[in-house]
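S.K.: Protein sequence lines, in the order shown, are assigned to chains A and B. In case it helps, the numbering used here puts the first sequence at residues 602 to 883. In case it helps, the numbering used here puts the second sequence at residues 1012 to 1454.
To be clear, the hints were calculated from the coordinates, so they are not data collected in a lab. Some hints here could point you the wrong way.
[As the list claims (entries may be wrong)] Partner residues are not named here, just some residues of chain B that face chain A (Cβ under 10 angstroms, in silico):
1) Gly1220
2) Ala1251
3) Gly1252
4) Gly1321
5) Gly1329
6) Asn1330
7) Arg1336
Ideal Cβ positions, reconstructed from N, Cα and C, are used throughout, including at glycine.
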Amino acid sequence: MDVMSQASPDQTAHPGGTGVGASPGEEPLLRLRGISKHFGAVQALYGVDLDLPKGQVTALCGDNGAGKSVLTKSIAGIHQVDEGEIWWEGRRVHIRNPKDSAALGIETVYQDLALADNLDIVQNMFLGRERLQRGLLDEDSMERAAKETLASLRVTTVRSIRQPVATLSGGQRQAVAVAKAVMWNSKLVMLDEPTAALGVAQTRMVLDLILRLKDHGLAVMVISHNLNDVFEVADRIAVLRLGRMVAQDSISAFDRQSVVDYMTTGVSSRAVKGPSADGGRN
Amino acid sequence: MSGIDSQGGLGADGTAAPEAADLTAAKVDIVPPEIVAGSLSQYFHAWWARVRGGDAGVLPVVIALVAVTVIFTAVSPNHVFLTPANLVNLFDQSAVFMVLAIGEGFVLLLGEIDLSIGYVAAIGGIVTGQLVQPSWNWPWPIAIAGGILAGAVIGWLQGTIITRLRMPAFIVTLAGYLIWFGVMIQILGTAGSVGVSSSVLGNQQALYGIVYSYIDPAISWVGLAVIVVLLGGMMWLRDAGRRRRGLVASPIGLTVAKIAFIAVAGVAVVAICNINRGVMLPVIGVPWVVPLVLAVLAVWTILLERSQFGRHMYAVGGNPEAARRAGINVALVRTMAFVLCAGTSGLAGIIYLSQQGAMNTNINGGQLVLYAVAAAVIGGTSLSGGRGRVIHGVLGGLVIGAIYNGLYLLGLEIQWQLVITGLVLLAAVSVDALSRQSSGVRV
Ligand SMILES: Nc1ncnc2c1ncn2[C@@H]1O[C@H](COP(=O)(O)OP(=O)(O)OP(=O)(O)O)[C@@H](O)[C@H]1O
Ligand SMILES: [Mg+2]
């Protein structure tokens, strides 16, 4: 697809619109402008801009500690940003807690898996959104729905859907976390290193799933250190380095080496067609 | 190139790394047996494997009950321990420990502790007792509600301080221990006690009768039959329905065994209570405190295991961060745990009031707390949070009550009671520690 390197007309309405985004005239589903976040003395994010368009997979790359997880958690409402604006479907929004982001239609697979060990798979998948019948938990309907979702993701190695998550292997837990995120009718799915602990078949399954979500018109943001995976599923790449967004463009503007260059040094001489990132701005 | 893996994962030739498959292999050894077993014998196989793996489940409490019964029957004067009169008395004494342990279970479930509940129970008993004194003479149901409410308000205060000001529960409730101890002495004043008497007809008599009035034998048999049929029918329908719809369910044999066990235990309790245990005048019947404890067990079990709020309590106990990310109001859940704990303790205090006939400054709130914690833990509740059921408080309370009763029968002096109680608490905590070590701890 066509990627603009200048500000498109509709972006002039938004302060900080620097033309890092999607196709002209089309509002991205999520638009971040100037997001900053610090923890005590540690500045984790410096004025980050990011666009997540519908029907596209955006890969967020960066070295360890670049701020990828902090950015994800800021969008998910786990962290509150210090500065910056969040625009959702063209509207300015404030995400103060995880409920706000879920209400917008944002689902997140966290890197540090957000599962309760003492609860079983079904209980975890519906946590916070339990189905009720006559005021009490509707276990049967939740179990059926969870079973269908897991089957559709071909998660077949778990022995029982009713076993506590503590008894699952790392990969199975990750599969449950992914299933938990895609079970809801969401508009944006963010996955923070979803394949890190997965076997080959399960990695394949998650990558296929990401492509399927995209085909359904969802916006997907995926964080991965595996550039094979990134180049296989992503439409766009955004690179964070030490809390700054150093490059953001269509996948065609990158090759593996240039992504690595951006991650490690913040610039690349190998740019395929000169990424339009506002790296210079920061 | 730290953290970058441009070669890993699917290799260029698309072959799998050999170790990849292992990552998705389940830790089968500690999967609960009832969800993977197809029959009763398979269930016992899986269960035994799990016990050998270190997760003993209800085994410690069963062993403890059998051991306590055998020992005290053997050594008590004239083997009085197992007589109907003593068994009913034992249950009356255990009821206070049971209800206190159920209360403490709510905060233990969140990995917290409440050290104040002994004197919170005292305050609850005093409030209820005061409300039925001649000067007030409120209806006894309202007096009971008042005692529970007093406990709940205290729990709300302490819980709010703990969750909103982020103070350790240990310290806040230790302060509460002292404060409510002092408040109790102040309220009781020079009289030193507030009593309920069977000779004051009406409300005082009703409260006294929680422990000391008995259900007509015919009615108790009918009541038991109704409970067994309703409960057994519900369990049967639920399990059968889940099996039919292809959902995870325990094997038929296990369902039948559970129902049979409830029926047998119920018959045993009612039969023992319906033997005349009077010395001069006949004393026959199930004390009202038995259905009261069962009601507490039923209501709190439904709340904890069948309601959304209960599910959220388990989630907060297991992983507060996961609960927060799921949109659960963690602070509210934690505060409510202290409210439920202290409110339930208020009810325990009312049972104590009935059982002692009075609430006086001799009540040992410190010992009661330790008994409650020990009872919950012996019953199977984990001190580290995330694991525990209401029934654990009942079973553990029975063990503690049996020890308390047995030591009393032996006429052991107070110092030995203290030593033995301490040892029991230690034993309970070691069982908890052992089961935590072995049940693959992942955080
Ligand atoms: N809760 C927190 N409190 C304090 N500092 C934090 C917190 N979370 C993250 N940081 C800091 O913010 C920076 C970015 O961390 P982040 O977890 O976003 O890195 P990342 O890009 O996800 O790295 P990785 O690839 O290792 O997952 C790090 O320096 C980290 O130490
Ligand atoms: Mg990270």
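S.K.: Each hint: holds or not?
M.R.: Hints and how they fare:
1. Gly1220: violated (33 angstroms)
2. Ala1251: violated (13 angstroms)
3. Gly1252: holds (8 angstroms)
4. Gly1321: holds (8 angstroms)
5. Gly1329: Constraint on B:Gly1329 satisfied, holds at 4 angstroms.
6. Asn1330: Since the shortest Cβ distance to chain A is 4 angstroms, the answer is holds.
7. Arg1336: Holds: closest Cβ of chain A sits about 4 angstroms from B:Arg1336, inside 10 angstroms.
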